[in-house]
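Novice: Residue strings, one per chain:
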Amino acid sequence: MSVSGDKPAPVRPQGFWSYANPVKFLGFSERILPALWWLSGICLAVGLIWGFFFTPDDFRQGSTVKIIYLHVPSALMAINAWFMMLVASLVWLIRRHHVSALAARAAAPVGVVMTVIALVTGAIWGQPMWGTWWAWDPRLTSFLILFLFYLGYIALWEAVDDPDTAADLTSVLCLVGSVFAVLSRYAVNFWNQGLHQGASLSLDKEENVADVFYQPLLVAIAGFVLLFLALVFYRTGTEIRLRRTRALLARQRRA
Amino acid sequence: MVLTVHDLSVARGGVPVLTGLSFDVEAGCALILRGPNGAGKTTLLRTLAGLQPPLSGEIAGAEDQVAYAAHSDGLKSMLTVRENLTFWAAVFGQRDITPAMTAFNLEDLEERLAGTLSAGQKRRLGLARLLVTGRPVWILDEPTVSLDQDAVRLFETAVTAHLAGGGSVIMATHIAPGIDAQVLDISPWRATAATRAGASDEAFL
Amino acid sequence: MKALLLRDLMLAFRAGGGFGLGLAFFLIVTVLVPFSVGPQSDLLARIAPGVLWLGALLACLLSLDRLLALDLEDGSLDLLATSPLPLEAALSIKALAHWLTTGLPLVLAAPLFGVLLNLPGPGYIWLVISLALGTPALSVIGTFGAALTVGIKRGGLLLSLLVLPLYVPTLIFGAETARRGAAGMDTSTPALMLAGITLAVIAVMPFASAAALRVNLR
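So the protein lines, in turn, are chains P, B and D. If you're matching positions, the first sequence starts at 1 in this note's numbering and goes up one per residue. If you're matching positions, the second sequence starts at 1 in this note's numbering and goes up one per residue. If you're matching positions, the third sequence starts at 1 in this note's numbering and goes up one per residue.
Only chain P is shown next, with the shape it has when bound in the complex (with noise of 0.2 angstroms):
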C-alpha cells in the first residue's frame, strides 16, 4: 500500500528492467525475432547435417548413435525451460510484470514439446541399443515425471479465467513443482539403477563423448537454444497481444 497524494509521474524503470513494459519488450522482440529465426534455422541445419552425414558410425553403437543431436539438445532444452518458468514465475510473485508471468505462460508448451521429443528420441534409440521402446529406467522416467508436471502447469493456466490470478496460482505451482521434481530426480535414482549411459556433456573430460560427436553436437545445441528462444519470445508476444486486445475491448465496453 502507497500513499499516492497528487499523483507523480511513475517512475519510469531503466535498463535490463524497462523491457518488463509490454510495449517496449514487444518492439524489442520484433526486432531480434527474425535474427533469432536464421540464426537457430543455421545452426540446426549446420549441427544435424554435419552430425548426421559427416561423423563416423561408433564402434558399438553403429549409425544409430546419430540420434544423439536430437536426444541431448531436446532433453537439454527440456529442463531449461523449466528452469526459465521458475525464474519467471519468481519474477513475477517478486515485481509483478506481467512480460514475465506471460513468458513462463508461453515457455510451458515448447518446453513441454522438448520433453516429447527428447523421450521419443529416447525410445527409438533405446530400441536398438536395449532391445526395448521404454525401461523404467531414472533418466526416462524423471522425463516422464517432468511430462506430467508440465502437463499440469498448462492445466491450471487454462483452467484459470482471471489471468492475474491464473499467473499467481501457477507461479507457486512452479515454485512447488520445481522442489518436488528434483525431489522426484532423487527418488527415482534409489528407487532404480537403470540403463542410461552417463551423461553425455559434462566437465569430466573421461565421461563426455569422443570429439568428432562432440563439436557437431554443441553446434546442434546452440540451434535449439536459438530455436527455443526464439519460439519463446514469438509466444510471448502473441500473448501480450492477446492481453492487449482485451484490455482494448474492456475499455471500449466502459466508455
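Bear in mind the hints are in silico, worked out from the structure with no lab data behind them. Please read these numbers as outputs of a predicted model, since none were measured by experiment. Beta carbons are placed, not taken as given, at the ideal position from N, Cα and C, and that holds for glycine. Keep in mind that the hints are not guaranteed to be accurate.
[Stated by the list, open to error] According to the in silico footprint, chain P covers these stretches of chain D (three or more CB under 8 angstroms from chain P):
| # | segment |
| --- | --- |
| 1 | 146 to 152 |
| 2 | 155 to 167 |
| 3 | 171 to 185 |
| 4 | 202 to 216 |
[Unchecked claim] Some chain D residues judged to face chain B by a derived CB distance under 7 angstroms, without partners named:
| # | residue |
| --- | --- |
| 5 | 3 |
| 6 | 7 |
| 7 | 11 |
| 8 | 14 |
| 9 | 75 |
| 10 | 76 |
| 11 | 79 |
| 12 | 81 |
| 13 | 82 |
| 14 | 83 |
| 15 | 85 |
| 16 | 88 |
Since the structure of chain P is already known, use the hints to place chains B and D on it.
Specialist: Chains B and D in isolation, oriented as in the chain P frame:
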C-alpha cells in the same frame, strides 16, 4: 477514530471500480454505503475486511478489528445452531454465546440443524455470529436480506447496542434501517475511463 | 485451532460427511486387483505392498476436492480468513483433520487388506509403519492441491492432475519401505527418507497452501 480510509482505490478482477475514496468511521458510529448495483460496495467491503488487497491508498485500524458478514453466512448444515455459534466463538477466542442467542431470538432453534432452518433464520444465525466475535468493527454486506420485519428490529437493536458499546458498523444496504447512521453515496468515486489508472491491463495499452 | 479440528471431525462423522468412503474405496481396489492380475498367491504376495500403497494413495485423493470447496461455498473460508487464526494454521488443521478421517483409518485397515493379497508375514508391521509415516504427507500435499484449485468449478480432475505428480517421492519411498519390509530386507534408508519428506512437507507446505488460498479468495 476507529477506522480511517485514505485515498483508497479498489479493483474487481483487475479492473478498478472505485478510486480516491477517503472516509473515517468514529467509535460508536455507523456508516451506510449507498450506490447502484455494481458500484463496488461489495468490493469495497471485502477490501476493508482484508480479503483482497487495495489497488492503492491506505486503510488504518481494520486489521484484526473486523467482523465480516456477507451473502453467505458460513454455516454448516450438518451442525446445530448452537454448534455453529460455539465454533465461531471459539475461533475468535470467546466463550459465552448466550447473549448472541438471545439477541437474535435463537433459543428455540438451539438444537435444530442449520440445514433445516429457513433463509431468514439462517441469516439471523449469521448475524448472531457477529456478536460472538468480540470485534469492534462490523462490516456488513446487505445484512437484512431475507429478514422479516421483526428480525430487522432485532438486527437494529443489536447494532444500536453495539454502537452504544463503542463499536462501529459499516454496511451496504438498500433499506433504511432505524438506526442513527451517516450515509455515504459512493457513486462519485466510481472509476471512469479518465481515472482508471492502475488496472492490471493498464500496461498493455 | 482445536475448535476447527473438532468441527471438521464432527462434520466428517455426521451423515453426508463422507467418512468411510475412502476406506470402502480402498477395499474395492484391493478386491479388484486379484481379478485383474489373477489369483496366484505368489504373484499377489510380491505385488501386495505396492498395490496397497497405491490403493491408499488413491483413497486419500478421493476426498481432497471436498476439503476446501465446501467451506468456500458456504462462506466459511472468507470468515476464517478474517478471523484471528492465521490461514497457514487453519490449513494445517484441515490437513490434520483430513488425515485423521482418511489416512489414519487406512493405516489401521491396511493389515486386514494385506491378508486379502497374501502379504508375507514380516510385511505387515512395515506396511503399517510406512503408511503411518507417509499418509500425513499425502494429506498435506493434497491440501496444497485443494487450495490451488478451490476457485475452479469442477476442479476435481485438475486437482488429481496437479497432486499426483507431487505424490511421486512419497509413493516411491513408502512403497519401497513396505516392499523391503515384506522381503525381509533392511528398510532404514527408505523409511528415514519417507519420514524426512513428511516432516519437511508438514513444516513448509502450509505456507504455499495459504499463499494459493489467499489468491483464490481475493
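Novice: All the hints need checking, so say for each whether the structure fits it.
Specialist: Tested hints:
Given as covered by chain P, the segment 146 to 152 of chain D passes the check, having 4 residues with a CB less than 8 angstroms from a CB of that chain where 3 are the minimum. Against chain P, the segment 155 to 167 of chain D contributes 7 residues with a C-beta closer than 8 angstroms to a partner C-beta. That satisfies the three-residue criterion, and the hint holds. Check result for the segment 171 to 185 of chain D against chain P: holds, 3 residues qualifying (beta carbon to beta carbon below 8 angstroms, three or more required). Only when three residues or more bring their CB closer than 8 angstroms to a CB of chain P does the claim for the segment 202 to 216 of chain D stand; here the count is 6, and the claim holds.
Because the closest C-beta pair between residue 3(D) and chain B is about 3 angstroms apart, less than 7 angstroms, the hint holds. Against a cut-off of 7 angstroms between C-beta atoms, the interface hint on residue 7(D) holds, since the closest Cβ of chain B lies about 5 angstroms away. Hint status for residue 11(D) relative to chain B: holds, with the closest Cβ pair at about 6 angstroms, below 7 angstroms. The interface hint given for residue 14(D) holds, since its Cβ lies 4 angstroms from the closest Cβ of chain B, which is under the 7 angstroms cut-off.
Of the supplied interface hints, the one on residue 75(D) holds, with its beta-carbon coming within about 3 angstroms of a beta-carbon of chain B, less than 7 angstroms. Given hint, residue 76(D) at the interface with chain B, holds; its Cβ is 4 angstroms from that chain's nearest Cβ, closer than 7 angstroms. Look at residue 79(D): its Cβ gets to within about 4 angstroms of chain B, closer than 7 angstroms, so that hint holds up. The interface hint given for residue 81(D) holds, since its Cβ lies 6 angstroms from the closest Cβ of chain B, which is under the 7 angstroms cut-off.
For residue 82(D), the suggested interface contact is upheld, since its CB lies about 5 angstroms from the closest CB of chain B, less than 7 angstroms. About 5 angstroms separates the beta-carbon of residue 83(D) from the nearest beta-carbon of chain B, less than 7 angstroms, and the hint is met. Because the closest C-beta pair between residue 85(D) and chain B is about 6 angstroms apart, less than 7 angstroms, the hint holds. Checking residue 88(D) against chain B: minimum C-beta separation of about 15 angstroms lies over 7 angstroms; hint violated.
In summary, the structure is inconsistent with hint 16 from the numbered list given earlier, while agreeing with all the others.
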